[in-house]
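There are 2 protein chains.
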Amino acid sequence: MPQEIRFNAFEMACVSHQSPGLWRHLDDQSFRYKSLQYWIELAQTLERGLFDGIFLADVLGLYDVYGGGPDAALRHAIQVPVNDPLLLVPAMAAFTQNLGFGVTVNLSYEPLYPFARRMSTLDHLTEGRIGWNIVTGYLDSAARANGKTKQLAHDDRYALAEDYLQAIRKLWEESWDDDAVKADKSGVYADPAKVHAVHHHASGIELSGIHLSEPSPQRTPVLYQAGTSPAGRRFAARNAECIFISGPSKQVLKGRVTALREDQRLYSTSGKPFLIYALATIVTGETEQEAEAKYQDYKRYVDAEASLALMSGWTGVDFSTLDPASTVQHVENDAGRSALENITRADLSRSWTVSEVAQHLSIGGIGPVFKGSPQQVCDQLEEWQAATGIDGFNIAFAVRPETFKSVVKYIVPELQRRGRYRTTYPAGTLREKLFGCARLPVPHTLDSRKAS
Amino acid sequence: MPQEIRFNAFEMACVSHQSPGLWRHLDDQSFRYKSLQYWIELAQTLERGLFDGIFLADVLGLYDVYGGGPDAALRHAIQVPVNDPLLLVPAMAAFTQNLGFGVTVNLSYEPLYPFARRMSTLDHLTEGRIGWNIVTGYLDSAARANGKTKQLAHDDRYALAEDYLQAIRKLWEESWDDDAVKADKSGVYADPAKVHAVHHHASGIELSGIHLSEPSPQRTPVLYQAGTSPAGRRFAARNAECIFISGPSKQVLKGRVTALREDQRLYSTSGKPFLIYALATIVTGETEQEAEAKYQDYKRYVDAEASLALMSGWTGVDFSTLDPASTVQHVENDAGRSALENITRADLSRSWTVSEVAQHLSIGGIGPVFKGSPQQVCDQLEEWQAATGIDGFNIAFAVRPETFKSVVKYIVPELQRRGRYRTTYPAGTLREKLFGCARLPVPHTLDSRKAS
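Sequence order for the protein chains is A and B. Just add 1314 to wherever you are in the first sequence, counting from 1, and you've got my numbering. Just add 1314 to wherever you are in the second sequence, counting from 1, and you've got my numbering.
These are computed hints drawn from the structure, not numbers from a lab. One or more of the hints may lead you astray.
A pair counts as met if it fits within one copy or between any two copies, since identical chains are not told apart.
Using 25 Å as the maximum straight-line C-alpha spacing, the simulated DMTMM-like pairs for lysine to aspartate or glutamate come out as follows [as the list claims (entries may be wrong)]:
| hint | residue 1 | residue 2 |
| --- | --- | --- |
| 1 | K1508 | D1632 |
| 2 | K1586 | D1385 |
| 3 | K1568 | E1619 |
| 4 | K1462 | E1476 |
| 5 | K1508 | E1487 |
| 6 | K1499 | D1617 |
| 7 | K1613 | E1441 |
| 8 | K1462 | E1487 |
| 9 | K1499 | E1355 |
| 10 | K1499 | D1470 |
| 11 | K1499 | D1341 |
| 12 | K1508 | D1454 |
| 13 | K1462 | D1385 |
| 14 | K1613 | E1487 |
| 15 | K1723 | E1697 |
| 16 | K1719 | D1491 |
| 17 | K1462 | D1477 |
| 18 | K1568 | D1632 |
| 19 | K1723 | E1318 |
| 20 | K1719 | E1520 |
| 21 | K1462 | E1520 |
| 22 | K1499 | E1696 |
| 23 | K1496 | D1341 |
| 24 | K1564 | E1697 |
| 25 | K1496 | D1617 |
| 26 | K1462 | E1424 |
| 27 | K1508 | D1492 |
| 28 | K1496 | E1697 |
Predicted, not measured: the structure shown is a model, and the values here were computed from it.
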């Protein structure tokens, strides 16, 4: 049987995630992001489409690089206002049985001990369907709002992340033995001899205590990662089970996949292969014409200032100071130029202006838009998977929830007809569904790195 | 019309809350505390009974005073394992329309900026039904697990709480103007001129940023407090909207209510009267005989070690070192003795042994147990309310969910027949239901205390 294609939904508890301006489309329901009912309906749609999960992005700061302040972000609701993603999960879980939940939490601002309990609680309440997208943040505004003058340097953040993960894994995996909980009405609830205090003292983490939650179905949530820098990739290779990547072309993605798999061979602590999902947006309908009409309609809502505010936050370059007609090569900031070149690698045969780049990423961010009839979209999905070695796609929305509804209505059945998409969920927890194993493998290297 | 009696349910995301040993009763479903379904069913029961809300207790540490370690607490599941209470709310909210949610969060271990967003998110998702029970913690084990050698001194914790509350109130009340969000599909989402960064620098709080969430229905959650020390009472008088108290007799409760109302007159920042709920447990059935049989049956499950482990955590006295037959007067620790005398004030005409005290608080904690037919229980409720000046009761369970089910089945209808209980929910948010006002009144004194 040919390789299956996997789907995740890429979402965020805000108005405008990665399609700046499109919240104004008449069909768009982004203004409902504050309502439980929106998330419940969405979860049911995705579960009907047998998605692996919903992946919830997050930021704890503002896109305030553009124009030197948050005004443009506020006007266009560029990831602000933004609500806490963890709190969406219990309600979505109550209305689904199989959908996974990959939630972004920035460890820089989460005290470890209560956060460990929070994730265990979610793993209990979802009966083992929780995942954690480990991030260390990229916005200086988040650091300032949280009482720091600026964030840690990039590589230091990953060093902290390694220690944080090692410490929290002790709470999840080592504090309670598998048979610690008896819950025996004629005897004891837990056997104290099988519950252990764990200790970790490194990177400013001072942990000494037993885990407050009893073992949850997965213990450690499924670990997701999305870093693309060398430090981020090594962290992912060492620790992640699922990886989200983005890139504008098959060539770019293939290079990333190859590098990730090589890093994994070198650095993986478990030897377990990870799953790689690439960002993509799908615009489809009954026919090619219908899809093309939708796409042209969507493009009318793209907003240049909104796009540039998003790009400025990502790249650290204040695009309000640049002529929109200037080419990317003139951007005088290494990080910014490399970010922009990254976007424009889709077509290296021409030069790109700033406004063209903004237009280009305005539907679904830095990833391809697959548009056309269900057959045409499925052809592209198969082609991209074959050319890059990815396991599936992380699907961004153009217009919500229409993008997800049309994927479930048109694309899933067509992929199923082609034998490229499952027709039922596997049994068990999220980790069992994804990998057929219940527990996070014990890292080979953990013993040698154990802190006092 | 005679004064209404109000009900809250006193719950916790753990096995054994305040009725040590009773989780072993055959009818008890405490082992389901990890399941969404338990909480959803409970919320539906309480809403059927027109309860003001469910009040979720929490601890972030262990009851490890008894025997110098957590063994007894683990054996009897004395508030360990314990899950995060906030995450129960979204699922309960999805299945109810009117029930309020008062959630305990210890501010000592919650970074202010993300916590402010978490509560705003809950206020959005519940459509304005969230409350916050402000605590500063009483367990040294929580401090140690969170990287501190011990907790702050008691009065210092309340000084921190004042600053924390002042800072977080700025995020909730002052960052976004009422008309900042336009959500206008033909224009902007938010008007940047109406969104303001707030600043607070005091007590180690370093806050500088705009609130990440747009204004939620209540903005500030309804503020609950349960402190009984002079510092705790003053904090409550200044800030709280609802107060939970406990005491073993009408005399004791009356003294507390009088002191609280006097403190409020002296210190309140808003002038708005607060609601006072007193802890109580109800054991009832069709008839007096049925209730008495239930009560005698429950008493068989009381466990001395479990009770003493709970008492040791509350009082700081290690009861494993004392002869159970010794009288309370022999306890050599001021805080412990005063806590125990507090419990035994129900009957000052006799001396109490340690084991008698343990037995006495084993069903529902330091509060009365009202038992009998619906008529008998309602007589007691009316009598206690008339004698003490409380607004209602915070109902602990003996056996869950049976205690709450029988209150809804027997007590609510009898109180309604007597014209002492509402027959429908008022409209609006939790604050509107409780007080008829939408917003937290602006504190008179805030201006003069404003930090830089």
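Tell me, in ascending order, the numbers of any earlier hints that this structure violates. Failing hints, ascending: 2, 3, 7, 10, 14, 16, 18, 20, 22 and 28.
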